[in-house]
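4 protein chains.
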Amino acid sequence: MGIITGQEYIDRINALEADVWIDGEQVKGMISEHNAFSGVMKSQARLYDLQSEHAKSEIMTFKSPTTDNRIGTSFLEPKTKEDLEKRRLMTSEWARINLGMMGRSPDYMNTALMAVYAGAEVFSSSHPQFANNITRFYEEASENDYSFTHTFINPQTNRSQLHFEDGEKIIAAKVIDKNKDGIIVHGARLLATQGGITDELIVFPSGGNLYSKDFAYAFSIPSNTKGLTFLCRESFVYSNSTFNHPLGSRFEEMDTIIVFDHVLVPWERVFLYESIECVNKLYTETSFYPLILHQVVSRQVIKIESLLGVAQLIVDTINISEYQHVQEKISEIIVGLETLKALLIASEVNAKIDKWGTMVPEQHPLYSAINLFPRMYPRFTEILQLLGASGLVSIPTEKDFLSDKGSDLHTYLQAANASAIDRVKLFRLAWDICLSAFGSRQILYERFFFGDPVRLASNLYRGYERKALTNRIHDFLKEMK
Amino acid sequence: MGIITGQEYIDRINALEADVWIDGEQVKGMISEHNAFSGVMKSQARLYDLQSEHAKSEIMTFKSPTTDNRIGTSFLEPKTKEDLEKRRLMTSEWARINLGMMGRSPDYMNTALMAVYAGAEVFSSSHPQFANNITRFYEEASENDYSFTHTFINPQTNRSQLHFEDGEKIIAAKVIDKNKDGIIVHGARLLATQGGITDELIVFPSGGNLYSKDFAYAFSIPSNTKGLTFLCRESFVYSNSTFNHPLGSRFEEMDTIIVFDHVLVPWERVFLYESIECVNKLYTETSFYPLILHQVVSRQVIKIESLLGVAQLIVDTINISEYQHVQEKISEIIVGLETLKALLIASEVNAKIDKWGTMVPEQHPLYSAINLFPRMYPRFTEILQLLGASGLVSIPTEKDFLSDKGSDLHTYLQAANASAIDRVKLFRLAWDICLSAFGSRQILYERFFFGDPVRLASNLYRGYERKALTNRIHDFLKEMK
Amino acid sequence: MGIITGQEYIDRINALEADVWIDGEQVKGMISEHNAFSGVMKSQARLYDLQSEHAKSEIMTFKSPTTDNRIGTSFLEPKTKEDLEKRRLMTSEWARINLGMMGRSPDYMNTALMAVYAGAEVFSSSHPQFANNITRFYEEASENDYSFTHTFINPQTNRSQLHFEDGEKIIAAKVIDKNKDGIIVHGARLLATQGGITDELIVFPSGGNLYSKDFAYAFSIPSNTKGLTFLCRESFVYSNSTFNHPLGSRFEEMDTIIVFDHVLVPWERVFLYESIECVNKLYTETSFYPLILHQVVSRQVIKIESLLGVAQLIVDTINISEYQHVQEKISEIIVGLETLKALLIASEVNAKIDKWGTMVPEQHPLYSAINLFPRMYPRFTEILQLLGASGLVSIPTEKDFLSDKGSDLHTYLQAANASAIDRVKLFRLAWDICLSAFGSRQILYERFFFGDPVRLASNLYRGYERKALTNRIHDFLKEMK
Amino acid sequence: MGIITGQEYIDRINALEADVWIDGEQVKGMISEHNAFSGVMKSQARLYDLQSEHAKSEIMTFKSPTTDNRIGTSFLEPKTKEDLEKRRLMTSEWARINLGMMGRSPDYMNTALMAVYAGAEVFSSSHPQFANNITRFYEEASENDYSFTHTFINPQTNRSQLHFEDGEKIIAAKVIDKNKDGIIVHGARLLATQGGITDELIVFPSGGNLYSKDFAYAFSIPSNTKGLTFLCRESFVYSNSTFNHPLGSRFEEMDTIIVFDHVLVPWERVFLYESIECVNKLYTETSFYPLILHQVVSRQVIKIESLLGVAQLIVDTINISEYQHVQEKISEIIVGLETLKALLIASEVNAKIDKWGTMVPEQHPLYSAINLFPRMYPRFTEILQLLGASGLVSIPTEKDFLSDKGSDLHTYLQAANASAIDRVKLFRLAWDICLSAFGSRQILYERFFFGDPVRLASNLYRGYERKALTNRIHDFLKEMK
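Chains as they are written, first to last, in full-length UniProt numbering: chain A, 1 to 481; chain B, 1 to 481; chain C, 1 to 481; chain D, 1 to 481.
Hints are not guaranteed to be accurate.
[What the hints assert, rightly or not] With a straight-line cut-off of 16 Å between C-alpha atoms, the simulated EDC-like cross-links for lysine to aspartate or glutamate are:
#1 A:Lys226 x A:Asp181
#2 D:Lys63 x D:Asp83
#3 B:Lys226 x B:Glu17
#4 D:Lys180 x D:Glu268
#5 A:Lys467 x C:Asp316
#6 B:Lys399 x A:Asp23
#7 C:Lys399 x D:Glu25
#8 D:Lys467 x B:Asp316
#9 A:Lys355 x A:Glu285
#10 A:Lys42 x A:Asp11
#11 B:Lys478 x D:Glu25
#12 C:Lys42 x A:Glu479
#13 B:Lys28 x A:Asp404
#14 D:Lys481 x B:Asp422
#15 D:Lys399 x C:Glu25
Worth flagging that the hints you see were computed from the coordinates, not collected in a lab.
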């Protein structure tokens with residue numbers, strides 16, 4: 001079938017009737033009608049529709065080598081630098097629609113699946129069948145344009161380095177049994193963003209504290225698998241008005257705790273099991289990280305562009321362009337944007353074919369980007385606060401403008417270069433980026449997107465090749481006397 | 001009568017029936033029952049009740065020299081260093097109840113009124129009667145325990161230095177006429193926090209762009225004065241549950257745009273009019289700023305203490321105390337707290353009697369504090385985000401715990417050193433400080449509490465006495481050869 | 001003749017006998033033997049020699065289109081992206097020898113001359129002959145491998161924006177007369193690095209405060225022109241030992257004040273005169289800045305690489321690799337290095353042919369680099385201090401090791417992974433980067449290399465194209481409601 | 001005898017003829033005439049002379065309770081808050097003369113000796129006689145106005161946490177034997193500032209890696225004790241001209257490696273030996289740290305005042321006061337200064353009598369100060385660089401002004417508000433603070449004055465009482481539902 005439409009996406013998710021709980025109640029009926037999910041599902045649907053738009057089709061899709069169907073570019077395994085560029089353009093296209101605010105638009109997990117598929121051979125070390133499972137599933141997923149949520153981390157019970165869960169009390173999800181049909185998983189995992197509104201849930205082994213074979217597993221299962229529950233946090237869709245909450249009303253992806261209650265994962269959906277060695281290989285012998293980071297940074301570039309656009313519009317609207325500190329703040333965003341873009345381009349320019357035949361972007365620029373972004377994004381939202389100032393709390397609602405007091409608002413909230421309504425729209429958007437519960441959750445999300453910032457720095461430290469540089473200094477030292 | 005009870009406060013505000021608009025509708029009936037105001041009014045009432053508590057009475061009140069009534073300490077003009085200390089203890093007492101989150105608890109504006117009263121003589125230069133007006137009103141207000149909102153700034157229409165409003169289009173409120181009964185004010189002012197839930201509105205001249213006598217005025221009028229309207233921003237009381245939104249449900253003070261529609265301010269309530277010279281004197285010849293800053297910094301100390309408490313509890317709860325970067329982050333808060341406390345103490349130790357006979361805390365330490373705090377507070381909320389991490393989005397609601405899935409939550413969200421429910425409470429509180437719309441508005445509020453940070457630095461630069469220091473260097477230079 | 005040898009460079013400079021003053025005395029005899037200049041001239045000579053090395057010749061030179069001589073690549077006008085890459089490799093090659101510490105190695109000014117030559121047509125607007133003068137002089141200079149110093153700024157008499165020199169008192173150098181032979185220049189200019197040890201002095205119009213035609217000029221004259229004096233600052237060659245001062249003894253380039261005492265500049269050496277319009281065109285219509293920045297950033301990359309090498313060797317030597325904060329500090333340098341490299345590559349990837357037919361690197365990445373570097377370099381030297389700690393003051397001299405106490409030093413200064421002598425060499429090198437007078441002057445130099453950092457940010461603000469981004473937000477705002 | 005004169009200090013040190021090596025040679029003859037030491041010894045002598053000045057005597061001295069001699073206030077054990085203030089004024093008085101640039105003026109170590117004397121009882125746990133030894137020695141030292149150097153740390157051989165020296169190879173100084181006369185110490189210690197130009201060397205146990213009783217010792221011995229050698233680093237007295245190097249020529253205190261070659265420490269000079277428990281008590285049961293920090297912070301306040309004076313004079317001299325970023329930078333120094341001063345005052349206001357009867361300043365404000373200063377001082381020198389800019393390399397020497405080119409310098413280096421010579425003096429001073437080898441060593445010194453900044457933060461984390469604050473949050477959490 002190939003790419004789907006937005007409506008097909010919505011129908012498919014509604015039909016699943018996954019077990020989703022929110023604010024003490026189970027979601028009943030069509031989840032796409034539920035207040036907490038209708039906005040984001042509509043936004044997701046729009047992404048799917050874009051794939052079919054004639055003008056975008058060349059970038060957004062490619063022809064399946066096996067079925068001739070048009071497949072979403074996010075599933076494309078890059079074989080050339082042009083493929084990498086195409087993938088970047090695809091992600092940019094999708095991100096622009098939501099200003100980069102949908103961290104889990106389908107391209108993210110599609111890329112992850114593509115990356116394990118590209119290095120599927122590695123999984124044979126876990127079991128000869130597992131590489132086939134991945135390959136087969138990748139084909140099914142790409143041909144059907146599946147959507148995914150996933151979970152990377154264990155519950156935050158105890159973060160001490162010396163803490164290991166004992167065998168009695170199960171908290172972090174693990175394999176507790178297996179039988180002829182599959183493996184039995186029990187326990188919880190965090191934090192599945194878009195949990196409950198995707199076709200499938202992919203589970204990869206958690207990095208950090210892997211100490212027992214029971215935690216070495218990877219698989220994908222439909223969201224409505226028996227025993228699988230999604231427990232939502234409080235929804236930040238406090239208003240459905242796109243005027244009031246232009247981002248929160250449309251892009252609130254929700255984070256969920258995943259509970260596995262004796263869930264049976266059928267063997268054909270198991271990708272990895274019992275092999276700690278294979279877990280390590282997954283992250284070191286496949287190009288999983290660089291491929292996924294390439295998608296991530298592509299989206300982050302658009303997000304920074306959006307912040308720059310909003311910041312500049314605030315400057316124009318209230319006429320503060322002349323102030324040197326304002327110029328410095330905008331310049332700081334510009335430098336950040338140029339830096340991210342350059343790192344992305346450098347990763348493509350220096351891309352190389354890996355041992356599985358995939359064209360892989362150079363990892364160092366991407367790791368550098370992912371070390372910078374968690375500091376950059378919060379800082380740029382801070383700049384929005386500093387530029388917007390009192391304008392960010394002078395935010396009447398849509399209904400206020402329609403009320404008897406509307407004319408007062410039109411008079412008193414007009415700006416140097418905008419009508420009151422245009423100015424309030426702009427400041428509402430800025431508020432939803434830098435101050436609302438939705439916006440703040442985005443900040444937290446970007447801080448920890450790729451894990452603990454401290455650990456990210458250590459990873460870069462460990463993985464960075466610098467022998468040539470210390471050798472240069474050694475040579476220089478020899479010249480001293 | 002002297003100090004009032006919380007119930008008296010509530011009754012009095014309800015009786016006013018001020019003209020307050022929110023989300024397109026006028027508040028009807030008792031404002032203390034309105035969803036957007038009930039929490040904060042209850043919290044404010046509790047502050048009033050505290051004044052009558054026997055154990056606190058010595059700190060919270062003093063005996064009126066004229067009527068023998070017990071008066072709230074926030075109205076006390078300090079004559080000794082002990083008075084300053086008493087004032088600090090009073091503010092601390094109130095702030096502790098709300099973790100320092102009520103920036104406009106009554107002591108703030110009461111202090112402002114006391115400060116102009118202490119230097120009332122200055123206003124005689126505007127009109128001989130005005131000093132009397134202030135004195136008389138101060139007595140009325142303190143004896144009746146009035147509450148106040150106020151507004152300092154003009155609408156943010158155009159922030160260019162070269163912009164002046166022309167005479168035709170009235171945006172910033174100004175005096176457009178006068179008659180035998182008083183002056184007529186028309187236009188808008190920003191941003192009256194607690195607007196509509198206080199007895200009175202005090203208006204002081206806006207600092208910055210004063211260029212015409214029509215903008216030189218100061219007065220106080222009841223909140224229900226004819227022609228006076230309070231236009232609210234969106235309310236951030238998204239939940240009334242103290243479990244879900246422990247701060248937002250109780251301390252959301254609301255910010256309002258004030259509209260004056262040909263408001264008559266009676267002469268006996270006019271403190272300043274037409275005299276630009278007197279406006280300047282207000283800020284340079286009275287001890288307005290140091291007295292008010294003393295209250296402000298006293299509250300901010302408690303707020304930082306609260307953040308330190310929350311941060312340390314997170315560390316204890318998820319057991320991350322061993323990490324060096326965690327220790328550094330907590331130490332950073334400790335150093336900030338000690339700094340603020342020391343600046344406050346230094347201002348008291350070096351306090352002096354001013355020419356009006358008031359004991360005034362030294363201004364330099366307080367100005368230094370107010371330069372530091374707008375950077376400190378956002379940074380410390382950032383530290384909460386960095387410590388809390390994924391725990392800050394694993395925040396199910398009160399109802400979730402009561403639902404069929406409650407037992408899952410109890411199991412999977414337990415922490416190293418706390419039950420799931422205690423841990424979620426703690427992280428909910430942290431979330432309401434550093435991530436919710438309420439918390440973010442607090443961050444913005446503290447950033448701009450005392451004006452544009454860039455201007456604050458310039459003010460310190462201009463006002464700081466450093467002749468002795470440059471002289472020392474001059475002397476040293478003479479020793480060079 | 002084409003490229004010269006190091007000896008030819010030295011002989012030529014000695015023969016000039018320019019008027020150079022240092023510490024109250026005029027340099028007499030061969031300047032290459034003078035304590036303050038011998039080290040740096042030897043280092044410069046080595047660069048020239050490298051051009052003739054067979055293995056490097058392909059990168060370091062190109063064949064003159066007119067004479068078939070081998071010309072230094074720093075004179076090459078890039079016509080293709082490959083040319084840009086070749087230029088980068090040339091600069092890297094030279095910079096590696098001195099760890100990037102020679103900010104004024106010949107490629108810097110050669111690039112500047114090439115850049116004005118490439119846009120020489122612009123100077124016709126000043127006088128039809130001037131374009132020819134430049135072209136002819138570029139050919140002479142490149143064919144003879146001239147070296148240059150130059151001066152960009154006026155004396156720092158008064159930095160107020162409102163200050164203009166009056167006509168009476170001449171401080172900043174200006175044209176005071178002209179005759180049939182040329183123009184007469186009188187006054188002073190700052191700060192000619194390598195002043196007195198180059199063949200020629202190039203003078204470009206100072207940016208900032210151009211307000212009179214008398215200051216609109218550009219020319220090149222031999223260093224021994226009559227009336228031209230170079231006044232040196234204190235020399236930082238405190239030791240000639242490469243053991244003691246591995247950098248200062250070899251790369252101290254000296255900064256000089258240039259005094260023009262009625263200097264006659266012959267017409268054939270005048271490039272610009274009297275035309276303020278032409279001054280502006282020089283910076284806006286030629287590709288002067290992007291071409292020069294490409295050289296600058298190429299060198300800066302090598303400098304950061306050197307710091308990373310030194311930092312890592314310190315870590316290895318005293319065995320502090322395990323500390324998380326050490327890993328973070330090294331990672332910070334890595335991220336900085338990757339960022340600079342990526343910006344440089346991005347500028348080449350997006351290079352375009354300008355209207356004069358030159359292949360010009362994209363300016364935004366380069367301007368971003370030049371905004372980052374003045375913060376990056378001081379920070380990375382700070383990291384060296386933090387890593388080196390007490391080791392940076394445990395620095396005995398070469399003679400100490402040879403003395404009776406040498407054996408004590410060998411014992412007590414040994415490191416985990418290095419002998420005492422190797423360890424002291426390393427820490428001496430680090431000291432000469434981050435703590436010596438030489439090293440600190442490098443820090444100052446990089447802070448202001450491309451002008452006042454505040455102005456750099458404003459320039460970026462003004463020149464950056466962002467209409468597409470604000471339009472995107474405009475479109476998004478339209479979707480609100 | 002009591003306080004001495006400067007000449008007595010110089011004579012006494014010369015008479016010692018300690019074994020001091022510098023640049024491969026042993027210091028012969030009078031050390032006060034040696035180029036590397038003459039300046040600093042003269043500056044130290046001036047401090048001693050100040051004690052006898054009539055006008056300062058009240059602050060600078062107190063009457064010995066036993067001998068009626070006038071004793072230097074730095075030896076005064078504070079019994080009241082007034083004593084603390086007197087001590088602060090004494091340190092300020094001394095520091096002002098050298099702009100706070102003599103980190104080891106005699107008050108520093110005198111305070112240290114006083115602090116162990118005040119808690120001498122603690123040393124009885126090592127041996128009953130040791131408390132007496134300290135008491136007796138304190139009396140001798142204070143009555144004779146001894147000067148001291150000391151050493152806190154071990155050689156930086158291997159900084160890994162897992163590294164322990166084995167018994168074979170002695171690097172860090174330790175007790176290798178004892179006999180009836182005393183203990184035998186062998187090995188090296190770092191970094192004795194002013195080593196060789198003080199009467200005595202005090203050695204305290206190194207904090208960090210204490211793992212064997214052989215390293216648990218404390219004592220004081222004359223600088224000319226047999227077997228004791230001071231190995232100097234390179235001297236930073238590159239010029240004796242106070243015009244050229246106003247600070248380096250006078251305040252270069254030198255750092256030395258101490259070598260103990262089988263040094264016999266007589267029993268009466270042993271304060272601690274073999275008792276690891278006593279080492280811990282020294283730092284936890286005496287008020288050693290708060291007393292010493294009180295001196296340190298008192299000096300640091302003066303140092304920051306000096307930087308503020310220099311910074312402001314630069315601003316005035318080149319007329320840059322109007323720039324907002326200049327105002328921000330100066331304000332940053334002001335806020336830093338006010339903070340340090342306030343922390344110091346707070347420590348005195350909250351001082352308490354400890355169990356030994358000493359009036360001890362509150363430790364938390366002082367620890368906060370010592371956490372801030374290592375970041376503050378480097379930052380403020382950076383501000384000097386940013387303000388001074390090119391003026392900091394336009395620094396001709398004294399001889400230049402006297403040469404034939406002097407008149408050019410007078411013309412071209414004049415400033416808006418200063419003659420050329422005054423301006424160069426000022427910039428020379430600034431250069432010697434923020435750019436010279438002397439100045440940079442000061443920066444490094446302040447960074448590590450009280451140990452590794454990372455460890456300082458951890459110490460504050462561990463020692464800070466915050467139970468009341470977490471309890472407050474616990475109470476607040478109880479109110480949630």
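Hint check results:
1. A:Lys226 x A:Asp181: 14 Å, holds
2. D:Lys63 x D:Asp83: Judged against 16 Å, a Cα distance of about 13 Å means the pair holds.
3. B:Lys226 x B:Glu17: Roughly 11 Å between the alpha carbons, so the hint for Lys226 (chain B) and Glu17 (chain B) holds.
4. D:Lys180 x D:Glu268: 11 Å, holds
5. A:Lys467 x C:Asp316: 12 Å, holds
6. B:Lys399 x A:Asp23: 6 Å, holds
7. C:Lys399 x D:Glu25: Roughly 8 Å between the alpha carbons, so the hint for Lys399 (chain C) and Glu25 (chain D) holds.
8. D:Lys467 x B:Asp316: Satisfied, since the Cα-Cα distance of roughly 12 Å is no more than 16 Å.
9. A:Lys355 x A:Glu285: 9 Å, holds
10. A:Lys42 x A:Asp11: Measuring from Cα to Cα gives roughly 12 Å; hence the hint holds.
11. B:Lys478 x D:Glu25: 36 Å, violated
12. C:Lys42 x A:Glu479: Status holds; Cα separation ~14 Å.
13. B:Lys28 x A:Asp404: 15 Å, holds
14. D:Lys481 x B:Asp422: Status holds; Cα separation ~11 Å.
15. D:Lys399 x C:Glu25: 8 Å, holds
Going down the numbered hints, you'll see the structure goes against just number 11.
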